[in-house]
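*Asks:* Protein chains in written order, with the numbering used here: chain W, 1 to 513; chain U, 1 to 640; chain V, 1 to 111.
None of these hints come from the bench; they were simulated from the model. Note that the structure is predicted; figures quoted are calculated from it, not measured. Glycine is no exception: its CB is placed at the ideal position from the N, C-alpha and C atoms. Careful, some of the hints might be misleading.
[What the hints assert, rightly or not] Stretches of chain U that chain W covers, calculated by requiring three or more beta carbons in the stretch to come under 8 angstroms of a beta carbon on chain W:
hint	segment
1	65 to 74
2	135 to 146
3	157 to 163
4	176 to 185
5	275 to 284
6	563 to 574
[Unchecked claim] Ranges between beta-carbon positions, derived for each pair:
hint	chain 1	residue 1	chain 2	residue 2	range
7	W	Ala209	V	Val79	46 to 54 angstroms
8	U	Ala112	W	Val56	58 to 66 angstroms
9	W	Gly410	U	Cys67	30 to 38 angstroms
10	U	Ala112	W	Ala453	46 to 54 angstroms
11	V	Ala84	W	Ala453	54 to 62 angstroms
12	W	Leu57	U	Trp476	56 to 64 angstroms
13	W	Leu166	U	Phe567	28 to 36 angstroms
14	U	Leu623	W	Leu14	47 to 55 angstroms
15	U	Trp574	V	Val79	54 to 62 angstroms
16	V	Phe95	U	Leu587	16 to 24 angstroms
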Amino acid sequence: MSFLNESILTLILLAPLAGAVLVALLPDRGKLPAWVALLTTLVTFVLTLHLPAHFVLAQHGFQFEINTLWIENPAIYYHVGVDGLSLWLVVLVGLLAPIGIVASWNAIERRRKIFYSLFLVQQTAMLGVFLSLDLILYYGFWELSLVPMAVLIAMFGRKDGARAALKFFLFTFIPSAPLLVAILWLYARTGTFDFSELQMLIASGGLPAGPLCWVAVAFLFAFAVKVPVFPLHGWLADTYSEAPVALAMVVAGKLGLYSMLRFHIGLFPVQARALAPWLIALAVIGLLYGACLALVQRDFWRLLAFASLSHLSLIVLGIYGLTFTGWDGAIYQILNHGVVDGALFLLLGILEVRYATSQIASYGGLAARLPQTATLFVITSLAMIGLPMLNGFVGEFLILSSTFTGVSRGWAATATIGVILGAAYMLWLVQRIFYGPQSDLATSRPARDLHAAELAVLWPLAVLMLVMGLAPSIWIPAIENRTGPPTVKGTAALSSPALTVAVLKEAANESRR
Amino acid sequence: MNASLHLWLIPLLPFAGFLLNGILGRRLPKALVSAIALLAPLASFAVVLSAVLASSSGLALPYTESCPIGWIHAGTLNIDFSFVFDQLSLVMLLVVTGVGFLIHIYSVGYMAHEDGYWRFFAYLNLFLFFMTVLVLAGNALLMFVGWEGVGLASYLLIGFYFQKNSAADAGKKAFIVNRIGDFGFLIGIFLLLATFGTLTFSEISAKLLAAPAWQGGILTVIALCLLLGATGKSAQLPLYVWLPDAMEGPTPVSALIHAATMVTAGVYMIARTHVLFDRSPFALGVVAIVGAATALFAATIGLVQNDIKRVLAYSTISQLGYMFLGCGVAAYSAAIFHLMTHAFFKALLFLAAGSVIHALGGEQDLRRMGGLRKKIPVTFWTMTAAVFAIAGFFPFAGFFSKDAILYAAFLQGAGGKVFWFVGLVTALLTSFYMFRLWYLTFLGESRNHEAHPHESPWSMLGPLVILAILSVGGGWIGIERFAAFLAPSTGEIPTAGGSASLEIGLSALAVLVALAGWWIADRLYRKQPETPAQWAAAMPHGYKLLLNKYFVDEIYGFTIVKPLLAFSKFLLGWVVDVAILGGAAWLLGGIAQFAAAILQRWQSGNLRSYAAWLALGAAAVLLFLLLPATLGLHASGMGR
Amino acid sequence: MNPAPLQLAAHGIPLAWYLLLSAALFSLGVIGFLIKRNVITVFMSIELMLNAVNLTFVTFAHQWHAVKGQIFVFFVMMVAAAEAAVGLAIIIAIFRARATLAVDRIDLMKL
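Take the sequences, apply the hints, and build the full model.
*Replies:* Rendered as structure tokens:
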């Protein structure tokens with residue numbers, strides 16, 4: 001077992017990549033690529049489950065760490081590891097991949113080989129982003145996660161894929177350039193790309209403050225576009241409405257938010273603290289803005305895009321509140337958002353395949369014809385709204401209460417208004433699709449409720465939402481075992497730079513051991 | 001005595017019923033579905049009774065039970081699933097599970113021919129689950145779970161006939177308006193957390209007890225936030241608008257959720273957090289004003305409504321106003337007392353109305369009823385008991401509880417006298433519109449010749465009879481004994497300044513007022529049935545104002561909903577998203593294109609020109625590198 | 001070991017001569033590349049430049065007794081050979097497509 005513990009991260013990274021190669025080599029015949037991809041993602045998922053099963057709660061710092069020299073000069077290491085920050089995110093990526101395959105099962109009807117192959121490459125890239133502890137390695141995976149996405153949006157877009165792909169490309173690639181420059185600047189100054197070493201060196205104050213500030217901004221800019229943070233969300237709605245479901249469900253949120261936690265605040269706590277008030281303001285604006293715009297969308301993908309903007313903004317609020325509990329809530333909410341958004345994408349994708357439109361007005365009265373779909377849709381919507389006992393509530397409550405008690409009452413109260421609007425647009429969507437008299441569209445097509453594979457995916461997800469709402473204690477202890485600020489329980493840890501340095505040094509030493 | 005009461009069974013049994021019926025119900029025979037659905041609340045009721053017996057045989061209250069696995073433990077935050085059983089939750093539990101069980105029985109008959117029978121009972125059990133969680137909750141967040149949960153159950157049940165747009169609309173409206181209230185509750189919870197560092201009710205009480213001089217300030221803010229939550233759930237001004245629409249749901253739902261139990265959650269919450277309200281006279285005053293205003297306001301609308309269920313809905317709002325008034329004058333036990341008796345007679349009113357509707361094949365319009373007394377005698381007599389109870393006739397249940405609130409208000413100084421007077425006027429209006437309903441439904445000639453009324457089955461009439469008995473005798477326990485029983489929970493001290501003669505005098509006045517209401521209704525709807533129409537014609541504006549419920553829905557739509565949508569659509573959707581953000585992207589694109597147009601001249605396609613540029617560049621670099629070196633050589637040569 | 005600058009140890013021919021020859025060859029290559037129109041000639045000019053550089057490498061390798069320079073020459077020769085093969089193939093393809101070998105008329109790269 002110790003061998004497995006030592007190489008599990010490599011296996012996790014290699015499994016989808018091997019699957020991608022296999023899909024590329026095998027002939028593009030019928031559903032064969034889909035089956036291979038499904039099998040690969042399931043294997044990957046099982047491998048990711050190894051992590052929480054053997055994660056030692058008592059041990060601080062990174063676990064399952066691998067650190068071998070890759071390139072001598074410049075000093076690039078193959079350095080991977082997980083802590084509480086990334087542990088469940090890796091599992092989440094593992095979980096969402098098979099769901100994405102199921103969502104693509106009937107939606108992708110041509111050029112399956114390319115689709116599934118690139119999908120698996122993208123999967124590797126996302127896992128790599130969460131696992132990498134070397135900045136160049138991280139940057140490589142970060143860029144790699146964007147390429148297949150852009151290609152697939154262009155190839156498999158619904159109406160105007162090329163335009164959406166270009167928009168996505170410009171919005172996400174351009175900010176990556178300053179990120180690379182910033183990473184190289186750090187290397188030029190310190191001679192290392194290693195996360196922990198950089199963290200310590202920056203904290204010890206050896207770097208000039210002025211350029212460091214710009215470096216921090218470059219990091220933040222790249223991440224903020226990827227989340228997206230208002231007003232950098234221009235790509236989101238187009239991508240949601242054009243990208244294949246399997247990709248759209250993984251594109252927003254996770255990567256950017258995790259990178260903020262680990263690489264922006266983790267590396268530049270002092271600079272992040274200075275910028276935090278602005279980000280809190282942007283987050284609350286984005287929260288209300290997204291909710292308001294979700295109210296008036298006519299296309300359900302666009303509605304989902306703005307709803308996502310709203311929910312992701314809430315997580316940004318939790319992150320930049322810089323409180324311990326807020327981070328718990330933010331990380332938990334990333335997981336929630338992944339699960340709930342994944343289920344919603346799957347459901348809406350199913351509707352779109354069945355009825356060939358995403359215009360909300362065409363729908364109506366489907367509950368009588370597709371009762372299972374309606375039930376699952378309502379459960380998922382309620383989780384999204386943040387109904388207590390479902391998962392969304394725990395994250396929302398942790399973020400809002402920590403913001404309220406530890407950061408700013410005004411912003412927290414304003415953000416809470418977004419919670420009301422959330423109920424409004426989601427319930428209205430449910431009503432327009434499922435309730436009321438049956439529309440022409442509903443009666444003109446044969447009613448095909450969910451089939452076995454879809455049920456086999458969606459019910460476990462619904463149960464997961466319930467379990468995550470009832471027993472967050474399964475997840476939170478591991479989430480709290482993380483490196484990086486804010487480290488002191490319950491208090492705003494970064495009140496003084498000296499304390500920060502001490503805490504960071506301790507954390508870095510611990511992770512070395 | 002430290003035996004476990006197994007409180008967790010009280011909510012979990014209905015939840016098990018919900019799961020069974022919700023997952024398997026579609027495939028189960030109706031009889032089995034009903035058996036599961038009925039057993040769940042019955043078993044809960046039995047557990048409650050056993051807990052009551054345990055407490056009467058010496059179990060110390062409050063009794064607390066916590067789930068060994070915590071709920072949210074993050075950072076400094078520790079929130080558990082903890083249940084508290086004390087006098088207050090005891091009364092509420094008895095009402096919720098008891099009345100709930102009766103309404104379940106009734107529903108078996110009422111819903112017998114409906115599609116989605118299993119779905120209905122699954123939702124009903126789900127409601128009981130959340131309601132018992134709400135009542136048992138030992139901390140504010142768990143109460144919020146139940147609070148939102150009953151809202152969900154209410155949403156699902158109002159929208160039960162989801163093919164009807166009006167039903168789906170009403171469900172959505174109820175949920176969203178409740179959410180506005182929940183916003184207040186949530187902010188209140190945050191404030192509690194920030195102020196006390198805990199959400200557990202007992203710890204908050206202990207901290208307040210330790211600081212006896214602490215008054216007002218943040219406590220007022222917390223209390224007002226909680227009040228906002230309560231006004232949403234209990235349909236008080238200004239958030240009452242969802243309740244009349246909620247009548248789109250099946251009638252047993254209206255009886256259970258929108259009359260007897262859920263809507264009283266706000267009252268229960270104020271009583272549960274009374275330690276906060278007690279420290280803030282201002283907040284208490286606001287509670288009383290909201291209560292009195294709502295009571296009068298809703299009663300005036302109730303005067304002219306023609307839908308039998310809507311009359312009852314406005315009457316519910318009005319009676320809830322009484323309960324708020326009771327809370328507002330710190331007479332929590334009187335408010336809870338009224339809550340209990342109201343649960344009996346209002347559930348009865350709704351169920352009887354349901355029986356009437358059932359008898360007439362779905363007719364709800366009072367103008368198309370009449371003369372049903374002989375046709376459906378059991379319904380008539382039970383409903384009569386309820387009408388007398390709500391109008392406040394001695395010795396019906398409503399008399400005792402309403403009187404207790406009015407008396408408590410009267411003793412609260414000058415402001416209290418105003419509240420008392422408002423309450424008295426409301427009592428007059430209540431008596432009038434209830435007897436109006438009574439006359440229009442049961443007496444006179446039938447105004448509906450197509451219908452062939454038939455008495456309902458005994459599964460429906462049985463609960464009616466039991467509730468009728470409770471509506472008559474439910475108040476005989478008397479407010480003194482009731483208040484003494486609740487005192488450990490509500491912490492009330494009997495108000496000084498009252499006297500037996502004053503109390504009797506006020507009671508007599510209240511009965512006289514009720515009689516007056518009956519007399520007016522008798523004049524208008526039996527003796528001279530043409531008069532109401534003449535009055536309406538004489539005052540068309542006033543009548544229309546009342547008939548259209550003061551146009552509050554329209555005002556809200558015009559001032560909140562429409563502007564919000566327009567704001568989202570035009571300002572955010574067009575001006576910000578398209579014009580500013582899109583424009584910025586377009587501008588950047590334009591700059592790039594402009595630069596490209598200039599730079600592309602270099603791209604002549606001529607290979608030799610590229611090569612020439614290359615050579616020139618190389619030469620320039622060479623020169624740049626060599627020039628300083630040569631100059632340096634010269635310099636050193638000069639130096640040598 | 002620091003041999004006298006600008007002196008080649010073996011035959012007494014100064015280092016500078018080698019370098020001047022190399023520079024002359026390179027310049028001829030550049031000029032040929034710039035003024036000739038025929039693709040083949042242009043191609044030959046490139047080879048000339050490569051070989052001029054090779055000469056420099058060998059010169060310095062000999063001068064400093066460092067074998068790395070000679071190894072590099074082999075690399076350059078390999079690349080040049082590959083380039084010749086690919087380049088000629090491209091030229092033939094272009095000739096087939098456009099029936100000309102004049103570089104000025106091959107301007108498909110224009111934007």
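*Asks:* Compare the structure with each hint and give your call.
*Replies:* Hint check results:
no.: 1; hint: 65 to 74; result: holds (count 6)
no.: 2; hint: 135 to 146; result: holds (count 3)
no.: 3; hint: 157 to 163; result: holds (count 3)
no.: 4; hint: 176 to 185; result: holds (count 5)
no.: 5; hint: 275 to 284; result: violated (count 0)
no.: 6; hint: 563 to 574; result: holds (count 7)
no.: 7; hint: W:Ala209 / V:Val79: 46 to 54 angstroms; result: 47 angstroms, holds
no.: 8; hint: U:Ala112 / W:Val56: 58 to 66 angstroms; result: 59 angstroms, holds
no.: 9; hint: W:Gly410 / U:Cys67: 30 to 38 angstroms; result: 35 angstroms, holds
no.: 10; hint: U:Ala112 / W:Ala453: 46 to 54 angstroms; result: 38 angstroms, violated
no.: 11; hint: V:Ala84 / W:Ala453: 54 to 62 angstroms; result: 57 angstroms, holds
no.: 12; hint: W:Leu57 / U:Trp476: 56 to 64 angstroms; result: 60 angstroms, holds
no.: 13; hint: W:Leu166 / U:Phe567: 28 to 36 angstroms; result: 31 angstroms, holds
no.: 14; hint: U:Leu623 / W:Leu14: 47 to 55 angstroms; result: 51 angstroms, holds
no.: 15; hint: U:Trp574 / V:Val79: 54 to 62 angstroms; result: 59 angstroms, holds
no.: 16; hint: V:Phe95 / U:Leu587: 16 to 24 angstroms; result: 47 angstroms, violated
Hint compliance for this structure: hints 5, 10 and 16 are not met, and every other hint is.
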